[in-house]
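Student: Here are the chains, one letter per residue:
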Amino acid sequence: MTYAVETEKLNYTAGRGEKAFHVTDLSLHVPKGAVFGFLGANGSGKTTTFRLLLALLKPDSGRITVLGESMPEEYVSVLAKTGYVPERPHVYPSLTVREAIDLHRTFYPTWDQKWADELLGEFNLVLDRKQSALSKGEAGKLQMLLALSQRPELLVLDEPTDGLDPVVRRDLLSALLAYVNDTQATVLISSHLVHELERICDWIGLMDHGNLLVEMPMQEFKNGIKRLRLASAPADLSNAPFTLLSREEESNGSQQWLVRGWTDGMHEFFTGRGATVREVVDLDLEEGFVEILRSSRANR
Amino acid sequence: MFAAILRTQWKWTRGPALLGFILGFAIPLLSLFSLRSTGIGFAAANVVREMQQYGLLYAVLAGASGLTCAMLSWGHDHRGRHVYALSLPVTRTRYAAMRLGAGAIFLLVPALGVFLGAVIGVATAAIPTGLHAYPFSLTMRFVLASFVAYAIISAISASSTKASAYILGGIGAVVATLFLLGIAGVGQDAVSWIGQALFAEHGILSVFTGGWMLIDV
Chain V
15 MTYAVETEKL NYTAGRGEKA FHVTDLSLHV PKGAVFGFLG ANGSGKTTTF
65 RLLLALLKPD SGRITVLGES MPEEYVSVLA KTGYVPERPH VYPSLTVREA
115 IDLHRTFYPT WDQKWADELL GEFNLVLDRK QSALSKGEAG KLQMLLALSQ
165 RPELLVLDEP TDGLDPVVRR DLLSALLAYV NDTQATVLIS SHLVHELERI
215 CDWIGLMDHG NLLVEMPMQE FKNGIKRLRL ASAPADLSNA PFTLLSREEE
265 SNGSQQWLVR GWTDGMHEFF TGRGATVREV VDLDLEEGFV EILRSSRANR
Chain S
4 MFAAILRTQW KWTRGPALLG FILGFAIPLL SLFSLRSTGI GFAAANVVRE
54 MQQYGLLYAV LAGASGLTCA MLSWGHDHRG RHVYALSLPV TRTRYAAMRL
104 GAGAIFLLVP ALGVFLGAVI GVATAAIPTG LHAYPFSLTM RFVLASFVAY
154 AIISAISASS TKASAYILGG IGAVVATLFL LGIAGVGQDA VSWIGQALFA
204 EHGILSVFTG GWMLIDV
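Quick note, the sequences are listed as chains V and S, same order.
Quick note: the first sequence uses our numbering, first residue 15, plus one each step.
Quick note: the second sequence uses our numbering, first residue 4, plus one each step.
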């Protein structure tokens, strides 16, 4: 598998003392052509990771490769092929929409003005309006327009739909998916809206306190995380073919387990140990996300 | 690319630049006008004395132009924590050079005002025998002084917030220390050494001192 983004044992520290924030031994692998959803609570290190990938920050140690080139050494070449939508609109707010586009496009030789014009119409953006006068939704649309019209090979989107209404979110994601279908570009997107990522991503990464907890195909993640309702639990858990994330005793003596890496044939593990699985419950991404965070924090 | 930077920067700088042009145009004319209005005539000694009184205004305008232009050139990047600039596919030195270059070009607007005001003023005034007008030298000095102020403030503004805070904090600490030493009447040597280093003949701020003479012997 070839990767659009790859990091090995990436370390970074911001701040000092008790307030210091660390990204620790981050090894991230984003396959080429994937829509990779980056999940994590506030302050988990998603934005810091994006900034490290794009050479906006310099790592303390470790290796970063983006689009086959080493970062931060090759940042000029990599940034020319990367569309970036940061957490907050970053193009100077005193410029009008037209001025922002005119400024931005001069830096990108691959700029597609025809498509930019189409997106302008699609997003209903007024060219002569100052960015500081744009609504949050309009500002988000402009950021996406600027990133997409570069015709990038990689899109790094840091909560691009955060705080936007459902209609604007849908417009933005439609434009994004149309582009991805058309170009097979790689997308690395973070969001708090777990259901949104569930709909559009085919890979998922989960971050907490600067550590990458999970990195796997979305389908595997969703199918592999289950809540098991056990009438009786096995005493011996050695050689379990799954990972037990958490266990809760219920009043009637039964137990609820949260497991990762579950497949259908694993019932035999329980029957072979005299235990009974009463029910296997599918979890959606959000439930899986919350449970993994909970178990990770309990083990810290 | 530079043209686009130039356009955006003109938008941010044009108000103060045009104000600088008007003030720069007015100062030499005012100096000559005040000479006439005093009624003391265009005697050589009077002219030189009157010109000296206006010297400070040129220095202040040059300093203010450099400071304002630097702050406006970098302020927008600074407020956005330089995220936009850093995400652009150009080397950081090239980006800084383009911003710096664009600001330097707009600094010439007030200087142009000084030059035109000086040339027109001198052309309409009767300069006493033995005195000469120096509109070009005065303008060059104005340009140099405004560039010095621009370069210093740019170095601070283009840095990260933390670096800017350190630099400004350092300058503030030195000024406060000098002030306290002055009050206490101790460390006069240190005070005068720093004063020399900044304002003496080869000091970095020496261009602001001395006579800014439009008309001199």
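Errors might be hidden in some of the hints.
What the hints assert, rightly or not - Below are the SDA-like pairs computed for lysine to any residue, each with C-alpha atoms no more than 20 Å apart in a straight line:
no., chain 1, residue 1, chain 2, residue 2
1, S, K165, V, G29
2, V, K95, S, L89
3, V, K72, S, R95
4, V, K72, S, A166
5, S, K14, V, G29
6, S, K14, V, K95
7, S, K14, V, T120
Said to hold, decoys possible - Restraint ranges, calculated between C-beta atoms of paired labels, are given here:
no., chain 1, residue 1, chain 2, residue 2, range
8, V, A34, S, R82, 40 to 50 Å
9, V, R308, S, R82, 34 to 44 Å
10, S, A187, V, E32, 37 to 47 Å
11, V, Q127, S, T96, 24 to 34 Å
12, V, F35, S, G214, 50 to 60 Å
13, V, K33, S, S37, 54 to 64 Å
14, S, M4, V, K46, 54 to 64 Å
To be verified - One-sided excerpt, in silico: chain V residues whose CB lies under 7 Å from chain S:
no., residue
15, L70
16, V90
17, L93
18, Y98
19, P100
20, F121
21, S149
Since the hints were derived computationally from the structure, they do not count as laboratory data.
Note that beta-carbon positions come from the ideal geometry of N, C-alpha and C, so glycine has one too.
Student: Are the hints correct? Go through all of them and say.
Tutor: Going down the list of hints, with the structure as the test:
no.	hint	in the structure
1	S/K165 to V/G29	holds (12 Å)
2	V/K95 to S/L89	holds (14 Å)
3	V/K72 to S/R95	holds (14 Å)
4	V/K72 to S/A166	holds (16 Å)
5	S/K14 to V/G29	violated (36 Å)
6	S/K14 to V/K95	violated (29 Å)
7	S/K14 to V/T120	holds (17 Å)
8	V/A34 to S/R82: 40 to 50 Å	violated (26 Å)
9	V/R308 to S/R82: 34 to 44 Å	holds (39 Å)
10	S/A187 to V/E32: 37 to 47 Å	holds (39 Å)
11	V/Q127 to S/T96: 24 to 34 Å	holds (29 Å)
12	V/F35 to S/G214: 50 to 60 Å	holds (56 Å)
13	V/K33 to S/S37: 54 to 64 Å	holds (59 Å)
14	S/M4 to V/K46: 54 to 64 Å	violated (30 Å)
15	L70	holds (5 Å)
16	V90	holds (5 Å)
17	L93	holds (4 Å)
18	Y98	holds (5 Å)
19	P100	holds (6 Å)
20	F121	holds (5 Å)
21	S149	violated (19 Å)
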